[in-house]
Amino acid sequence: MADRGGKGWSAGKGKAPSVPNQGALNGEDPASFKRPVHVDIDSSDESEGFIEDQSQASGKSNGKAPKKVPLDGLKTGGKASNLASAGKGDSGKGGKSFNAGKAEGKGSLPHAKPPTAEVDLKLELDIPKNSRVLMDCEAAEVLQDIHDHMTILSEDPTIKIPESFNKAFQYSKNGSQYTDAKSVRQVLETLKTCGVNDGEICMIGNVCPETVEEAYGLVPSLKANRQTNEGPIREALTTLVKLKSSK
Amino acid sequence: MFFHIVLERNMQLHPRHFGPHLRDKLVSKLMKDVEGTCSGRHGFVVAITGVEEIGKGLIREGTGFVTFPVKYQCVVFRPFKGEILEAVVTMVNKMGFFAEAGPVQIFVSNHLIPDDMEFQSGDMPNYTTSDGSVKIQKDSEVRLKIIGTRVDATEIFCIGTIKDDFLGVINDPGAAS
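First to last, the sequence lines map onto chains A and B. Sequential numbering of the first sequence, starting at 1, is according to the UniProt record's numbering. Sequential numbering of the second sequence, starting at 1, is according to the UniProt record's numbering.
Any given hint might turn out to be false.
Here are the in silico distance ranges between beta carbons for each label pair [to be verified]:
hint, chain 1, residue 1, chain 2, residue 2, range
1, A, Lys182, B, Lys32, 28 to 34 Å
2, B, Ile59, A, Gln186, 29 to 35 Å
3, B, Leu22, A, Glu235, 50 to 56 Å
4, B, Gly148, A, Arg132, 23 to 29 Å
5, B, Ile59, A, Asp180, 19 to 25 Å
No lab work stands behind these hints: they were computed from the structure. Cβ atoms here follow ideal geometry from the backbone N, Cα and C, with glycine treated the same way.
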């Protein structure tokens with residue numbers, strides 16, 4: 001439904017400067033009068049939705065417009081008016097409703113944006129379900145295991161070890177600087193209680209920062225809960241140093 | 001970073017493989033098909049660690065092939081924006097340098113190299129600080145931060161930066177020798 005609404009309005013916008021479209025705009029005005037009631041509920045998805053709609057919009061007929069959902073119609077409507085109202089004269093009554101829409105629409109945009117800009121590391125979002133993050137040292141253990149099996153399997157000529165396996169294996173071995181991956185996991189797992197997520201734990205484990213400052217510098221998302229997690233992180237780091245293998 | 005993940009795939013098997021070793025056949029075909037591939041969503045499939053479940057086969061009409069839904073666990077490697085990686089420099093030029101972290105290629109543009117490092121051409125092109133204390137050349141190890149990724153069907157390409165606190169060269173082969 002959201003798409004439809006968007007299309008209808010953007011179509012209006014695209015054609016607005018041409019005279020024949022006035023009728024269509026007028027026809028929709030009554031609908032847009034009812035909308036402001038719902039405005040405040042809207043928030044996040046509008047900027048994206050709007051952009052997408054623009055690209056697909058042009059061909060759609062205005063006949064679809066009356067079916068729109070009020071919520072979605074309003075915000076795009078508000079925007080459309082930015083352009084549409086520039087030229088055409090049917091805005092006598094339509095203009096007011098459009099202005100109202102515009103004000104609301106613009107007002108809600110800034111609310112949606114800041115969070116996405118602030119979070120430097122939004123790992124959790126991308127991690128698919130039923131998956132578990134492995135630190136380099138854990139991966140090295142798993143891959144070492146497989147590598148040992150491979151040498152047995154490799155008698156079968158049809159199975160050959162892909163290059164990316166060797167590269168990843170080498171990489172994980174270089175990255176694992178600990179004597180025992182399990183105890184590293186145990187130490188870092190304690191950070192979960194103070195809101196450090198899997199991705200951040202994994203990065204701390206991989207990088208093994210020497211100071212708390214280094215940890216905050218490299219994983220800026222930790223700073224958000226600095227009061228609660230600074231102590232535990234410091235403790236964890238001192239324990240990690242003990243687990244480091246001497247290379 | 002690495003993940004352990006459960007994935008699903010429909011495997012087609014020719015009827016000639018049917019028999020007591022059907023499962024083995026399926027697994028080895030799965031390994032051949034999947035290991036070393038790269039998908040945009042999951043990254044590089046490094047290795048299969050186990051097969052959870054093989055569903056009931058379905059005969060494809062007309063061909064006689066049978067499709068089995070297979071659930072398997074595997075280790076994947078995927079870079080993320082904001083992640084810190086330790087990578088090995090593979091090529092240096094005046095535009096920046098390329099580095100490799102496991103199967104992933106990373107480019108660090110000269111805009112994302114600290115301003116006090118300058119490009120030096122020659123048979124061993126490198127970036128060096130004015131006092132010569134730090135040098136980035138082929139085979140140097142650098143710690144970098146990923147700021148962008150581009151994923152297509154078969155490879156993942158990253159843009160990285162070393163222009164930030166605690167980033168930069170961690171091991172310089174030139175200095176050691």
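Tested hints:
Our hint of 28 to 34 Å for Lys182(A) and Lys32(B) holds, since their Cβ atoms are close to 32 Å apart. Restraint check, Ile59(B) to Gln186(A): a C-beta distance of roughly 49 Å breaks the suggested window 29 to 35 Å. For the pair Leu22(B) and Glu235(A), the supplied restraint of 50 to 56 Å holds, since their beta-carbon distance comes to about 53 Å. Between Gly148(B) and Arg132(A) the beta carbon distance is about 26 Å. The supplied range of 23 to 29 Å therefore holds.
Taking the beta carbon of each, Ile59(B) and Asp180(A) are about 50 Å apart, not inside 19 to 25 Å as hinted.
Checked against the numbered hints above, the structure violates hints 2 and 5; every other hint is satisfied.
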